[in-house]
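Novice: Here are the chains, one letter per residue:
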Amino acid sequence: MKIAAYSIKTLSVLFFLYSAISFAGVKEENLNPQDGGEVNTQEEVTEYILHHIKDSHDFHLFSYTSDGERKHVGFPLPVIVWTSNGLTTFMSSEFHHDDAGKVIVEKNGVKLTKLHSKIYELDATASGVNFDAEHHPTNAKKLLDFSITKSVFGVMMIGLLMLLWFSRLARQYKTKQIPTGFGRVLEPLVLYVRDEIAKPNIGPKYRKFTGYLLTVFFFIWILNLLGLTPFGFNVTGQLAITACLAIFTLIIYVASGNKHFWQHILWMPGVPVLIRPVLAIIELAGTFIIKPFSLLVRLFANISAGHIVVMSLIGIMVVMKAELGAPGATILSFVLSMFITLIEVLVAFLQAYIFTMLSALFIGMSVAEHDHDHDHDDHGHEVPDAEDVRADFI
Amino acid sequence: MEEMVTYVPNLVGAGLIVIGAGIGLGKIGGAAMEGIARQPEATGKIQTAMIIIAALLEGLAFGALFLGK
Numbered sequence: 001m002k003i004a005a006y007s008i009k010t011l012s013v014l015f016f017l018y019s020a021i022s023f024a025g026v027k028e029e030n031l032n033p034q035d036g037g038e039v040n041t042q043e044e045v046t047e048y049i050l051h052h053i054k055d056s057h058d059f060h061l062f063s064y065t066s067d068g069e070r071k072h073v074g075f076p077l078p079v080i081v082w083t084s085n086g087l088t089t090f091m092s093s094e095f096h097h098d099d100a101g102k103v104i105v106e107k108n109g110v111k112l113t114k115l116h117s118k119i120y121e122l123d124a125t126a127s128g129v130n131f132d133a134e135h136h137p138t139n140a141k142k143l144l145d146f147s148i149t150k151s152v153f154g155v156m157m158i159g160l161l162m163l164l165w166f167s168r169l170a171r172q173y174k175t176k177q178i179p180t181g182f183g184r185v186l187e188p189l190v191l192y193v194r195d196e197i198a199k200p201n202i203g204p205k206y207r208k209f210t211g212y213l214l215t216v217f218f219f220i221w222i223l224n225l226l227g228l229t230p231f232g233f234n235v236t237g238q239l240a241i242t243a244c245l246a247i248f249t250l251i252i253y254v255a256s257g258n259k260h261f262w263q264h265i266l267w268m269p270g271v272p273v274l275i276r277p278v279l280a281i282i283e284l285a286g287t288f289i290i291k292p293f294s295l296l297v298r299l300f301a302n303i304s305a306g307h308i309v310v311m312s313l314i315g316i317m318v319v320m321k322a323e324l325g326a327p328g329a330t331i332l333s334f335v336l337s338m339f340i341t342l343i344e345v346l347v348a349f350l351q352a353y354i355f356t357m358l359s360a361l362f363i364g365m366s367v368a369e370h371d372h373d374h375d376h377d378d379h380g381h382e383v384p385d386a387e388d389v390r391a392d393f394i
Numbered sequence: 001m002e003e004m005v006t007y008v009p010n011l012v013g014a015g016l017i018v019i020g021a022g023i024g025l026g027k028i029g030g031a032a033m034e035g036i037a038r039q040p041e042a043t044g045k046i047q048t049a050m051i052i053i054a055a056l057l058e059g060l061a062f063g064a065l066f067l068g069k
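Sequence order for the protein chains is A and B. Here full-length UniProt numbering is used: position 166 in the first sequence is 166, and no number is missing along the way. Here full-length UniProt numbering is used: position 69 in the second sequence is 69, and no number is missing along the way.
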């Protein structure tokens, strides 16, 4: 426990330091990539924040101007798109960090360009992107995009890391009494999810679902924390990711629903017959739409809002420069964003906890053995005696 | 100016949502505080229930903000 507490402390300090490092780049990052000049307006800061919230095709750490030329520091990711000539792959560095449809890459006989973090295919005759009044391209169309984007990269990386950490932890229990190394950090967290989230909410059948709950908990938590580093991950702030997680929960609690669960949805016992169809409609909407929707929107909105707040406070540096002077604005934005980043570390855990907790609650509702005709002795919710830790891991 | 006016209903709606969510969260927090003060030994259970209700409320508020955007 001591080691775990110490490691968590060290981790928080590290994450905090990372966000501090990102300040060094921010002022330059705010520069508009097209004009190469300094950013001083609120609009440009807003654009920068919105750009960060979206997924992107490369890691962009910072930019600077040298000899009147924009230099970008970051690393590219592979672009994999399904064009009208079939599968096309290349590295995103060929776009030269352009995001306004100015650089046109010719690959596999098609013209491709990147516009607001999306890859477009230009018409064969076009030599540049034309825009209509709402700034939508008129001579380019969207593509099926299977690229390894920043978020995909984050998901893959965390998936591999978790596989490594937890398979190692599981192997250690076969030979040792207690885990060694990083396993000591993970064990109390695993036990916490099992004993505080899975057992009380699901009941005696908790073992079947603990694996999913642990996976979701660590996946969301680690990716939330990764979002606080200057690499600009915003994985859990992508609707696609949170929707996918919510659909997993939906499938699990619908598939494991027992007789009582369906009875309480479709033909609620103990209420007048005329009201039962009305209740069935409400219950069906609640089970299939509202529950997963609230899960996915909560995570997405919390994480996105957190990112926007942190970025806005960093943006104070640029916006308030005229009023406070560069040093004053920098100190103000540093202090404010430091504290909000610390709160975000808490939110990162809280959102992972809430998602896991509600998933467990929903699963618990669908597997609970409830007998309404008899007295409520709650035997279905009884938790068996705490088993040996080893038993659950092997 | 016209552009600004079209934003007004959204902003007022967002404000109303936040007021409603604030009242709800305040009631939850207040009740939990009272409960903990009366029965400090039930702190853990009360906190868990409080967080769940707060999360459900928050989901509702975020859903409304998200749909109203």
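Calculated directly from the structure, the hints in this document are not laboratory data. There may be inaccurate statements among the hints.
Claimed, not checked - Below, computed lysine-lysine pairings styled on DSS-like, alpha-carbon distance capped at 30 Å:
no., chain 1, residue 1, chain 2, residue 2
1, B, 27, A, 205
2, A, 141, A, 102
3, A, 208, B, 27
4, B, 45, B, 27
5, B, 27, A, 199
6, A, 176, A, 71
7, A, 102, A, 118
8, A, 71, B, 45
9, A, 176, A, 142
10, A, 208, A, 142
11, A, 142, A, 205
12, A, 54, A, 107
Predicted model, so just to flag it, every value in this text is computed and none were measured.
Novice: State for each hint whether it applies.
Specialist: We went through each hint and held it up to the structure:
| no. | hint | in the structure |
| --- | --- | --- |
| 1 | B:27 to A:205 | violated, 34 Å |
| 2 | A:141 to A:102 | holds, 15 Å |
| 3 | A:208 to B:27 | violated, 36 Å |
| 4 | B:45 to B:27 | holds, 17 Å |
| 5 | B:27 to A:199 | holds, 28 Å |
| 6 | A:176 to A:71 | violated, 52 Å |
| 7 | A:102 to A:118 | holds, 13 Å |
| 8 | A:71 to B:45 | violated, 55 Å |
| 9 | A:176 to A:142 | violated, 54 Å |
| 10 | A:208 to A:142 | violated, 42 Å |
| 11 | A:142 to A:205 | violated, 46 Å |
| 12 | A:54 to A:107 | holds, 25 Å |
Consistency note: the structure conflicts with the earlier hints numbered 1, 3, 6, 8, 9, 10, 11.
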